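Participant: Listed in order, the protein sequences are those of chains A and B. Numbering-wise (the numbering used here), the first sequence opens with residue 818 and increments by one. Numbering-wise (the numbering used here), the second sequence opens with residue 818 and increments by one.
Hints in this document: simulated from the structure, not taken from any laboratory. Don't take each hint at face value.
Said to hold, decoys possible - Chain A side only, calculated, beta carbon under 7 Å to chain B, not exhaustive:
| hint | residue |
| --- | --- |
| 1 | 890 |
| 2 | 891 |
| 3 | 1037 |
| 4 | 1039 |
| 5 | 1172 |
Said to hold, decoys possible - Here are the computed lysine-lysine pairs in the DSBU-like style, where the Cα-Cα straight-line distance is at most 35 Å:
| hint | chain 1 | residue 1 | chain 2 | residue 2 |
| --- | --- | --- | --- | --- |
| 6 | B | 1155 | A | 1216 |
| 7 | A | 856 | B | 1155 |
| 8 | A | 847 | A | 928 |
| 9 | A | 856 | A | 938 |
| 10 | A | 1155 | A | 1120 |
| 11 | B | 980 | B | 962 |
| 12 | A | 897 | B | 1238 |
| 13 | B | 962 | B | 865 |
| 14 | B | 928 | A | 962 |
| 15 | A | 962 | B | 1109 |
| 16 | B | 928 | B | 1155 |
| 17 | A | 856 | B | 977 |
| 18 | A | 897 | B | 1216 |
| 19 | A | 938 | A | 962 |
| 20 | A | 928 | B | 1120 |
| 21 | A | 1238 | B | 1120 |
| 22 | B | 849 | B | 928 |
| 23 | B | 1093 | A | 1238 |
| 24 | B | 849 | A | 847 |
| 25 | B | 980 | B | 865 |
| 26 | B | 980 | B | 1155 |
| 27 | A | 1216 | B | 847 |
| 28 | B | 897 | B | 977 |
| 29 | A | 1216 | B | 1093 |
| 30 | B | 977 | B | 1109 |
| 31 | B | 865 | A | 1238 |
| 32 | A | 897 | A | 1155 |
| 33 | A | 977 | A | 865 |
| 34 | B | 856 | B | 980 |
| 35 | B | 928 | A | 1093 |
| 36 | A | 1093 | B | 856 |
| 37 | B | 1155 | A | 928 |
| 38 | A | 1216 | B | 849 |
| 39 | A | 977 | A | 962 |
Just so it is clear, the structure is predicted and the values come from calculations on it, not from any experiment. Every residue gets a Cβ at the ideal spot worked out from N, C-alpha and C, and that includes glycine.
Number of protein chains: 2
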Amino acid sequence: MMQVVNLPERTSWNDLLQRPFSNNTDIAGKVKMIVADVKENGDTAIRKYTSEYDGVAIENLLVPAAEISNAQNIIPSELKSAIQQAANNITLFHEQSKFSYPVVETMPGVKCWKRSLPIEKVGLYIPGGSAPLFSTLLMLGIPAKLAGCSEIIVCTPAGKDSKVHPAILYTAALLGIENIYCIGGAQAIAAMAYGTETIPMVYKIFGPGNRYVTTAKQLVQIEGIAIDMPAGPSEVVVLADATANAKFVAADLLSQAEHGADSQVLLVTTSPEIVKAVQEEIAIQINSLARKDMIRESLLHSKIILLDTIEQAIEMVNEYAPEHLIVCCNNDEIIAAKIINAGSVFLGNYSPESVGDYASGTNHSLPTNGYARAYSGVNVESFMKTITYQKLDIPGLQKISNTVITMATAEGLDAHANAVKIRLNV
Amino acid sequence: MMQVVNLPERTSWNDLLQRPFSNNTDIAGKVKMIVADVKENGDTAIRKYTSEYDGVAIENLLVPAAEISNAQNIIPSELKSAIQQAANNITLFHEQSKFSYPVVETMPGVKCWKRSLPIEKVGLYIPGGSAPLFSTLLMLGIPAKLAGCSEIIVCTPAGKDSKVHPAILYTAALLGIENIYCIGGAQAIAAMAYGTETIPMVYKIFGPGNRYVTTAKQLVQIEGIAIDMPAGPSEVVVLADATANAKFVAADLLSQAEHGADSQVLLVTTSPEIVKAVQEEIAIQINSLARKDMIRESLLHSKIILLDTIEQAIEMVNEYAPEHLIVCCNNDEIIAAKIINAGSVFLGNYSPESVGDYASGTNHSLPTNGYARAYSGVNVESFMKTITYQKLDIPGLQKISNTVITMATAEGLDAHANAVKIRLNV
């Protein structure tokens, strides 16, 4: 089912590691039109596209508070406990990354410092579609709360019954998020970017979505609305040596493949036995899975790659820069230290990707499509920005004055030099 | 010269604080064409546009090592000392922000941690044009080096003599940056995004530029190349009460205005005396400045705004979110603590913006156009990304298994649940 590539030449790696082609230019015109319409016509446009694309006529765009608080009565207590446990772990991990910065006196009398502040207004997009992704709400809402954002809104499409799934509402209530708008698609992104009569504008938009959502996020980003990161289909690399367990590896590959037909899964291994055993295990396990048709499609553009050495395998992983990397190898921690491009890494035979997707504590909003070369996953700092400060006293300004005047003059900016001179009467 | 607005109604603030309109849609088609041509035809296209737009025929795109090392013999020793002093201060301030993260055991047997890593390949764009912006090379090159980026390249347009200004070459040599390509404009951005025969591709592009450069950065960003931040014209707000010195305030406004005809400067004050005195001082000081014509244009869309109280003034500053904020007030530090949207803040009567532009130690690559609401200035972390890790042992996986299985099942992802079950034989 998966293509097997044995000992490929180094020169063929680039082609081998291409992601399945995805191109949104076909919908760019349509998305541009939706975004412009929402900017111009606000709620009226929102309702129009929600009816057109989602097939639902929404009366209240804002989910009523009573519906949110009632969600806890609807969902099973086992699910509530699971969400709470996941929320605890995610909070524990994310709250570690708060920083305070020292005042640095770069020269006597020249004090510089930095302050981290929450982005005031943020919007979280939670996809609807085939599943209620309450886990994504945990992954975005918890760092937003920890950062201290004062206005956190959520947009998520309603189902055919015009309702938002109670698990999403329960999760929002658990996190103390009150403003949930039951809209989705490009129109939701435009609403958060520009604001409408009902939906407040935000400064940064987070969250995954389909091609319409992704294209809309790119469009509003050009106009200066910040977004979390560019998006692409989800992916995993399993890096395995002979010590890996083929059953587990197959289950991990299948779990990633069920995200969507455009997901890509790669097995990179130094063991011919693993190549064979994993193929057999996939063939067995796939039959019992609900999403087997989607998985089969995804496996069509997935690969099993056999390499000579672990060093080559590490090099290949770093070149591919996977969103998720599972290292099922002897010396997993030594290997992990050599990984320089990846979103989130799972070490050893008992760390399946699904624990990170839900509950280990790390964030599951991660850079896909090789973006891990330059982007981080979502974290508390994604919801913050820094301001720098400086304060000079007169001796400090005197000490630094020659440097500033000389440089400004060399750059041809004499008013810059003058702002120093005038203060020192030179 | 500057428009004076006395005690505006709160409802008029939004209109009052609009930035001078700037729109790049007129050049979008042309830039798209340049970028596509460079992607397709590499160095040939680069040479074509460099000849067409910059009017220079470049033989070697790469500046020869001998030319870089010779720069120190060309520029005056006073300028060398100034650049060294600035580099020291910038290094001192920026090196404070390196973090190590603890391992967090979110549940017994579930270990999560995070690692900060340099982005391997980064490109720095240094504009040419009216001035050799070696200060910008300091501001981008120092954090890139501190982050530990292994491949740092610089693109900067050559002058009419086909040479890069020696002050830029000297600064590069000082920072240990060897690969400088003498090209500019949209074609330089495309070269760094896709690579050509001569110019290596990078993962993230930094640096300011004209409308062509900005538009090209936006275009390649859509294809997944990271960029530092969106760009707009430079700007300053001076927040002044009656304790401010009108001479200094005028000099600061003028120094910002000399950046370009599209720069915006605002004086927000609670003192009618300051309104009057600053106008008089501007009228006097402007006459002796080399760039007075450009400054006059810039002042046409700049404003002096008189407000009743400092609290209102702080609110207005936060709504405008200036790139630079100079606080010339009694209680400047108390006011600074209430600022939530700004790029860099200058406190007191002896901290002109020009010290931060060159040498105080803070970065001068800052968010313009209100982007300070969501973006930080360039810092060491701008050149890094983080990878998260998790490692579970069998008891850890057992402990977390119910949570993961319950959540995956509720999201309709049974292969995710299965990756846990198969490891525990449940």
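Participant: Would you mind marking each hint as holding or not holding in the structure?
Facilitator: Each hint, compared with the structure:
1. 890: Because about 16 Å separates residue 890(A) from the closest Cβ in chain B, which is outside the 7 Å limit, the hint is violated.
2. 891: Where the cut-off is 7 Å and the nearest Cβ of chain B is about 12 Å from residue 891(A), the hint is violated.
3. 1037: It is violated, given that the least Cβ distance between residue 1037(A) and chain B is near 11 Å, above 7 Å.
4. 1039: Hint on residue 1039(A): holds, closest Cβ of chain B at ~5 Å, below 7 Å.
5. 1172: With Cβ-Cβ at 5 Å, under 7 Å, it holds.
6. 1155(B) / 1216(A): holds, 29 Å
7. 856(A) / 1155(B): It holds: about 31 Å lies between the C-alpha atoms, which stays within 35 Å.
8. 847(A) / 928(A): violated, 51 Å
9. 856(A) / 938(A): This hinted pair holds, its Cα atoms lying about 18 Å apart.
10. 1155(A) / 1120(A): holds, 23 Å
11. 980(B) / 962(B): holds, 25 Å
12. 897(A) / 1238(B): Within the cut-off at roughly 20 Å; holds.
13. 962(B) / 865(B): This hinted pair holds, its Cα atoms lying about 32 Å apart.
14. 928(B) / 962(A): Roughly 23 Å separates the two Cα atoms, so the pair holds.
15. 962(A) / 1109(B): Not satisfied, since the Cα-Cα distance of roughly 48 Å exceeds 35 Å.
16. 928(B) / 1155(B): Distance of about 38 Å is beyond 35 Å: violated.
17. 856(A) / 977(B): This hinted pair is violated, its Cα atoms lying about 45 Å apart.
18. 897(A) / 1216(B): With Cα atoms ~16 Å apart, residue 897(A) and residue 1216(B) stay inside 35 Å; holds.
19. 938(A) / 962(A): holds, 11 Å
20. 928(A) / 1120(B): holds, 30 Å
21. 1238(A) / 1120(B): holds, 25 Å
22. 849(B) / 928(B): Distance ~47 Å between residue 849(B) and residue 928(B) Cα, so the pair is violated.
23. 1093(B) / 1238(A): holds, 22 Å
24. 849(B) / 847(A): The hint holds at about 20 Å.
25. 980(B) / 865(B): Holds - the C-alpha atoms of residue 865(B) and residue 980(B) are around 17 Å apart, at most 35 Å.
26. 980(B) / 1155(B): With a Cα-Cα distance of about 47 Å, the restraint between residue 980(B) and residue 1155(B) is violated, given a limit of 35 Å.
27. 1216(A) / 847(B): violated, 48 Å
28. 897(B) / 977(B): Given that 35 Å is the threshold and the Cα spacing comes to 24 Å, the pair holds.
29. 1216(A) / 1093(B): holds, 32 Å
30. 977(B) / 1109(B): holds, 25 Å
31. 865(B) / 1238(A): violated, 44 Å
32. 897(A) / 1155(A): Violated: residue 897(A) and residue 1155(A) sit about 39 Å apart, past 35 Å.
33. 977(A) / 865(A): Judged against 35 Å, a Cα distance of about 15 Å means the pair holds.
34. 856(B) / 980(B): Satisfied, since the Cα-Cα distance of roughly 25 Å is no more than 35 Å.
35. 928(B) / 1093(A): holds, 32 Å
36. 1093(A) / 856(B): With a Cα-Cα distance of about 40 Å, the restraint between residue 1093(A) and residue 856(B) is violated, given a limit of 35 Å.
37. 1155(B) / 928(A): Judged against 35 Å, a Cα distance of about 19 Å means the pair holds.
38. 1216(A) / 849(B): violated, 48 Å
39. 977(A) / 962(A): holds, 30 Å
Hint compliance for this structure: hints 1, 2, 3, 8, 15, 16, 17, 22, 26, 27, 31, 32, 36 and 38 are not met, and every other hint is.
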